[in-house]
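> Here the protein sequences line up with chains X and S, keeping their order.
Each step along the first sequence adds one to the number in the numbering used here, with nothing skipped, and position 304 is 305.
Each step along the second sequence adds one to the number in the numbering used here, with nothing skipped, and position 459 is 460.
Be a bit skeptical, because a hint or two may be false.
Stated by the list, open to error - Listing some non-contacts, in silico: residues in chain X with all C-beta distances to chain S over 10 Å:
(1) 217
(2) 220
(3) 230
(4) 236
(5) 248
(6) 253
(7) 300
(8) 307
(9) 353
(10) 411
(11) 414
(12) 431
(13) 458
Said to hold, decoys possible - Some chain X residues close to chain S (C-beta under 7 Å, calculated; not the full set):
(14) 25
(15) 35
(16) 38
(17) 41
(18) 457
Treat the hints as calculated values from the structure; they're not laboratory data.
Quick reminder that beta carbons are idealized off the backbone N, C-alpha and C, glycines included.
2 protein chains.
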Amino acid sequence: MPYFDAASTAPLHPVARQALLAALDEGWADPARLHRSARQARMLLDAARETVAEVLGARADEVSFTASGTQSLQLGVLGALRGHRRRGSHLVHSAVEHSAVLHTAERWEADGGAVTSVPVDRHGRVSAGEFAAALRPDTALAVLQSANHEVGTLQPVAETAALLGDVPLLVDAAQSAGRLPVPAGWSLLTASAHKWGGPAGVGVLAVRKGVRFSSALPADDREGGRVPGFPNVPAIVAAAASLRAVRAGAEAEDARLRELVDLIRHRVPRLVPAVEVVGHPEQRLPHLVTFSCLYVDGEALLTELDRAGFAVSSGSSCTSSTLTPSHVLAAMGVLTEGNLRVSLPAGTTRAEVDAFLDVLPRVVADVRAPLGLDLALPADGPADDHPAGALVLDTLGRRCPIPVIELAKHIGEVAPGGRVAVLSDDEAARHDIPAWCEMCGHTYAGEAPAAEYGGSHGTAYLVQRS
Amino acid sequence: MPYFDAASTAPLHPVARQALLAALDEGWADPARLHRSARQARMLLDAARETVAEVLGARADEVSFTASGTQSLQLGVLGALRGHRRRGSHLVHSAVEHSAVLHTAERWEADGGAVTSVPVDRHGRVSAGEFAAALRPDTALAVLQSANHEVGTLQPVAETAALLGDVPLLVDAAQSAGRLPVPAGWSLLTASAHKWGGPAGVGVLAVRKGVRFSSALPADDREGGRVPGFPNVPAIVAAAASLRAVRAGAEAEDARLRELVDLIRHRVPRLVPAVEVVGHPEQRLPHLVTFSCLYVDGEALLTELDRAGFAVSSGSSCTSSTLTPSHVLAAMGVLTEGNLRVSLPAGTTRAEVDAFLDVLPRVVADVRAPLGLDLALPADGPADDHPAGALVLDTLGRRCPIPVIELAKHIGEVAPGGRVAVLSDDEAARHDIPAWCEMCGHTYAGEAPAAEYGGSHGTAYLVQRS
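Given only the sequences and the hints, what does the whole structure look like? Please build it.
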């Protein structure tokens, strides 16, 4: 079954598996002890640290291992903020960082800190100048990802770093560490081994020599006092071995995957009606492409594609237990509905991608079929029921994508220049309706209390037909 | 090479290795996703949670997996304290808890909380009544280990829990979870898989239904909101499988190991002069014995035993990077010097233990030899140099065990009833000298500024010869 969800987790690299097995035999003991087995574990741990440091462009004593990318981000952000308390308590990050950064920022704010989220453009990219302009005299830390995990857009990290003066910059390299050189200018660097084909259970947190760091957790003497707890030596050894292996072959493999992704980017809008490919067209990760299919639910698409044998992911509801729309897509101002992320693992073949492109149009059409929506046909005349000068579509109590579907069904009923008011109490509509307007060429005319249009509660989203 | 350091980490159980390999193939995907590989990982994770819950006497939804026993303790202690803030901010723990608890308590105190450390007796055991008496109206959490990690003493957990009323009790079962049933009465329970033969990278944190818990770290939706980050499914599967396996055979294996440990407890004091076996003689873990060899450095003993082919541990300097004496031995009031912990993994043979007992006396004698200390001969008369009514032994600038060695060498120089003042600036002397007095039957007469005995700085420890 083709697995196109490498950005969630990459299949274990053969080198990782081999190294893990060897290290289970040789590196199982406690590296902090003094006997022979312990010394052996310590030597393996030291060697793994050297390898990871070398590949990421750090010194070995700057590198600590955590249990996950999320732990690296939490400990890194909080440790740097605590370490730079004398500067102040202001944190700057882009609006499209990993949720671990956003949750940490929320906690920091709840505990009395200040946070600025820097907006991104429609491709999901920050402007270096705009990012630097968010700095304040009390800024203690800036956080910027190397590449976005949902849409693959590369951020201008080196360019931004050059504008930050002496404000420390944490770079989240989780999506790029196994593929691309780490951008210059980081003070703290985080990554996650299972994203590059290493085992689960290993994150990287590098802190540049001289950068102040004060652990947010009670420290012990493990990992330079930055990460408490018994280190998982066999998994760390496997992570290091696979990082070296994937980076050695990355250039060739990335070029190959980039061609397959270009194929998907080019073909999908020609095979499936009402699709928007999102993310930066050039400044992007080689293996990842994201697109949104209008009028359908991402989860329904996932389920059908899974049934057809393809494993992909969706930013519409990025995990099986959260139904909130992706903050990344929302920050980009693109549709959050019907979203699919296709991320190709190493070794993906052209035949697998062709098979996906073969299946996708049918799957989307099947999911759309029950909606009774004729995408090719705009309706032909104004309706007679728009008392307040607008056609009112009451979708209160109904979840996205219904509000947008209703809008698409009925906008043809008003004359060009005429207005539609969509009443909705689903927060997702606030992003989706403007995004739909932009995509379809209509004018989004703002919002008003639904009560002004006869609604019992909620918001009226106003659209002017072009 | 006989490995007698199971209490640091147990060798990987064959069942764990087998389960890990299988789960690397079947459970590598992100269990939070919706596709087939993800569902498979989720099923494995759910099954592992059921297994661990069943063995530990919990409900599956009470069990979360962390990255280590230390992380379980940190998140458990802080999460429970935060969850019970309305009760107050007072934490009670025994003086011999794992350093992760002590470090967390220090952090809690530094952040404004209150902490009471309950003393233990000479065997390292708390009294249930004394523990309960430490409760205050604002006590938010009590922490008590099931068994001590350095000396093996079992704590009266169920008896203590019965006296705590509605104050939640966190039980640290790291040393006992693979061997003994979990004691009744816990509100939170922690354990660590690599202590029972599971892989590194898996801790357990169980929180009883209804016990308030507020994560100390920014939460995500993993592990019931209690532990953030990508879960290490293959390692968790291996941990669960090995827990079931070791507990199924625990009763027979523990009886066998108990006999071997009894042999060591009985023989060591008869083979090696000036040895004290520490820890409770009956209420103890089956596989662990700790003893202290007077007048020598634990690290030197470790090194020599390692050279002779035996891997043991020492509470004298419990890791290769910390030289502070064990807080456990200090709290017990026993010698912190020349300490050895022997902890037998499953499968240890009688022949291995016999070989150890064969080697030990020679190793201790070799390490003691350069000290020029005749253990069999107390010196025969009072020295003439005790101007202030006491023989002054200036050991300023010299580390333990030198102060005790000097004391042992020279106490015979004063008449019975006469006094010796040992001048020392090594903090370890504060514990070691009274402990030595108790062991040798002399009277410890308190401390005074070294200046009163002609010292430039430091403390004078006063001993009255019996």
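> Against this structure, judge whether each hint is valid.
Hints and how they fare:
no. : hint : result
1   : 217  : violated, 8 Å
2   : 220  : violated, 7 Å
3   : 230  : violated, 3 Å
4   : 236  : violated, 6 Å
5   : 248  : holds, 21 Å
6   : 253  : holds, 24 Å
7   : 300  : violated, 7 Å
8   : 307  : violated, 5 Å
9   : 353  : holds, 15 Å
10  : 411  : holds, 32 Å
11  : 414  : holds, 36 Å
12  : 431  : holds, 23 Å
13  : 458  : holds, 28 Å
14  : 25   : holds, 6 Å
15  : 35   : holds, 5 Å
16  : 38   : holds, 6 Å
17  : 41   : violated, 11 Å
18  : 457  : violated, 32 Å
In terms of the numbered hints stated before, the structure departs from hints 1, 2, 3, 4, 7, 8, 17, 18, listed from lowest to highest.
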